[in-house]
Amino acid sequence: MGEAAARHLRTYGQIAWLWIRAAWQYPTSFVLLAVGNGLITGLDFVGLWIMFAHLRDLAGFSLHEVALLYGSASLALAVADTAIGSVERIGTYIRTGRLDQMMTKPVPLLVQVCADQFTLRRLGRLTQAAAVFGWACTYVDWTPLRVLVAVSMLVSGALVFFGLFVGFSCVQFWTTDATEIANAFTYGGATVTQYPLSIFPREVLVGLTFVIPVAFVNWYPCLYLLGRSDPFGTPDAFQFASPVAGLVTGAAALLVWRTGVRHYTSTGS
Amino acid sequence: MLHVAIATRAFRRYSTYRAATLAGIFTNSVFGIIYSYAYLALWRANPTAGGYDAQDAVTYVWLGQALLMTIALWGGGTTDDLAERIRTGDVAIDLYRPVGLVGWYLAADLGRAAYHLLTRGFGPTVIGLVVFDIALPASPVAALAFAVSLVLAVVVSFAIRFLVASTAFWLLDQSGVKVMSGAFAIFFSGMMLPLVLFPGWLGTLARALPWASYVQVPADIWLGKHTGADLAAALGFQLVWAVVLLAASQGVLRLATRKVVVQGG
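Going line by line, the protein sequences match chains A and B.
Take the first sequence: its letter number 101 is residue 91 in the working numbering, and every next letter is one higher.
Each number in the working numbering corresponds to the 1-based position in the second sequence with 813 added.
In short, the hints are calculated from the structure, not lab data.
Mixed in with the good hints there might be a few duds.
Claimed, not checked - To be clear about the criterion: a stretch of chain A counts as covered by chain B if any three or more of its residues have a C-beta under 8 Å from a C-beta of chain B, and this derived list gives those stretches:
1. 18 to 25
2. 34 to 40
3. 184 to 196
What the hints assert, rightly or not - Some, not all, of what chain B presents toward chain A, calculated at C-beta under 8 Å:
4. 850
5. 988
6. 1000
7. 1009
8. 1010
9. 1011
10. 1045
Just so you know, these numbers come straight off a predicted model, no measurement behind them.
Cβ atoms here follow ideal geometry from the backbone N, Cα and C, with glycine treated the same way.
So that you can see chain A by itself, here it is in the shape it has in the complex (with noise of 0.2 Å):
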C-alpha cells in the first residue's frame, strides 16, 4: 500500500514536471501568470486591509486576527489548488474524449486528472498567503498546543478543499454544463474563511460545519491560536477537530469519485 502510494506520488511529480517545462516554453506568460495570481490575492489582502481604515474591528475581530484567518485558509487553498487544481477541468478531459485516453494507461486516473496541465502560477499565491500568515502569527501567544493546533490546521484545511474541488468537480461526470454550480462551493467557500464567520447569521454556521465544513479549515482552529470563546458557544472540543473534517470531506471526496468514475460512459467520440 505504502509503495503504491509512492510509485503514484512519484507518476504524478514525473507528469507535473512535464507540465512545467511545457508550461516555460512561452515565458513571459508563465513569469505573468506567477505574478498575476499572486497580485490577485495580494490585492484581496490590501482591500481586506482598506476596509480596516474605516474600523476598528470586524464583528469583533482586530485586522492581525482578520489577517490570521485570511492567510492560513489562504495557504490551505494554495497547497490544495497547486496540487490538484487541474480536476476542475475534468468537463472538458471528458468533452475531447481525453479521459478515454487517460483511463488505459496504468496509473490511477485521479492522479493523472490532478496531475495534468500542473502549473505553479500559484506560487503567487502561496507566498503571498505565507507572508500574510507569518505576519499574523508574530500576534499569537505560542505554546506547545497552539503550533501543534496550527500545523494540523494547514494540513487538515488543505485536506477540505482538496475534498472540495475534487467532489463538487464530480458534477462533472454527470453534467457537462452546469460546472459553474461547483464554484459556488469551491470558492465561495474560500471567500467565506477570509472572513470571521461571526458576520453570519447562526445558520450560516452551521452549514459551513456540518455541510460545507470550511468552519474547520481556519475558524475553529484559529479561535484556540487566538484564545477567544466561541461568538457562537459551540463546544471547544471543534477547536480541535479539524484533522477529523479533513479527513472525512477527503474521504467523502474519493468515494463521489469512484462513483463518479463507475457512472463515466465516454461520450462516443
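Following the hints, put chain B in place on chain A, whose structure we already have.
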C-alpha cells in the same frame, strides 16, 4: 446592419448553454450573499463609511454580481476567440475580410453582453431585491443614465480586453497578460471593495483609471449619487475612456498587422 447581425448571432451563441447560465446565476447569488453579510458587518461598525449607508452598500454588492459577467470582468468574451485565432494564425483570414476587426468583435461582444445582462445580470438583481431588499434606481433619470452607463462600461471593458488579446500578436499567448489585467480590473473597478472606501491618493487614482467605468460609475448612477452636471460628467468620463481605448485598439491592430505581413502571414 451587418454589425447588428453579428451581435444577434453572438447573443444566440451564448444563449445555447441554459444550464450553465442557471448555474452561473446560482454562483453569483452565493457570492452576493457572502459579500452582503461582510458589508453589513462593515457598515454596522461604521454606518456612514464612504458616504454610503447599509442599503447602498448591499445594493452595490448585488449590482457588482450582476455586472460581473455583463462586463466580462475576468476577461473572456469574444476577445478570447480573437486571442486564440491570433495564436493559431487564423486571424490572417479575419484580416482579409472587408470589415474592420475592432468593429466586428465589438458587435459580437455587445451581443454577448446583452445576453449576460438579461440572464446573469437580471437573475442576481431579483434575488438581491427579494432577500436583501436592495434599492431600485433612485429616479427615472438615474435608470436611463444607468442603461447608457452600462453600454459604455461594456465598451471600455471590451477595448481593454481587445488590447490584452492583441498582445498575443507578440507573445503568442495572452493568458499571462489576461490574468494581470483581470487582477487590476477586480481591484480598480470597485468589484472587490467600493472605490468610495479607498483612502487618499489611492482613491483619487482608482477613480481616474478606466476600470472605474466597470462597476463604480454605473453603481453610483443607480444609487443616485450623481445628478445634474455631475451625472453628465460621470457619463463623460466613461465616454472619454471608451473613445481613447478604442482608438488605441485600432492603433495596436495597425502595428500588429504590419508585423503579420513581415512574418509572411
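Hint-by-hint comparison with the structure:
1. 18 to 25: It holds: at least three residues are needed, and the stretch 18 to 25 of chain A offers 7 whose Cβ sits within less than 8 Å of chain B.
2. 34 to 40: holds (count 4)
3. 184 to 196: Result for this restraint: holds, n = 5.
4. 850: With Cβ-Cβ at 5 Å, under 8 Å, it holds.
5. 988: holds, 5 Å
6. 1000: Holds, because the Cβ-Cβ distance from residue 1000 of chain B to chain A comes to roughly 4 Å (cut-off 8 Å).
7. 1009: Where the cut-off is 8 Å and the nearest Cβ of chain A is about 10 Å from residue 1009 of chain B, the hint is violated.
8. 1010: This hint holds: residue 1010 of chain B lies near chain A, its Cβ roughly 6 Å from the closest one there, short of 8 Å.
9. 1011: With a closest approach of 6 Å, the residue 1011 of chain B hint holds.
10. 1045: violated, 29 Å
Of the numbered hints given earlier, the model fails hints 7, 10; all others are met.
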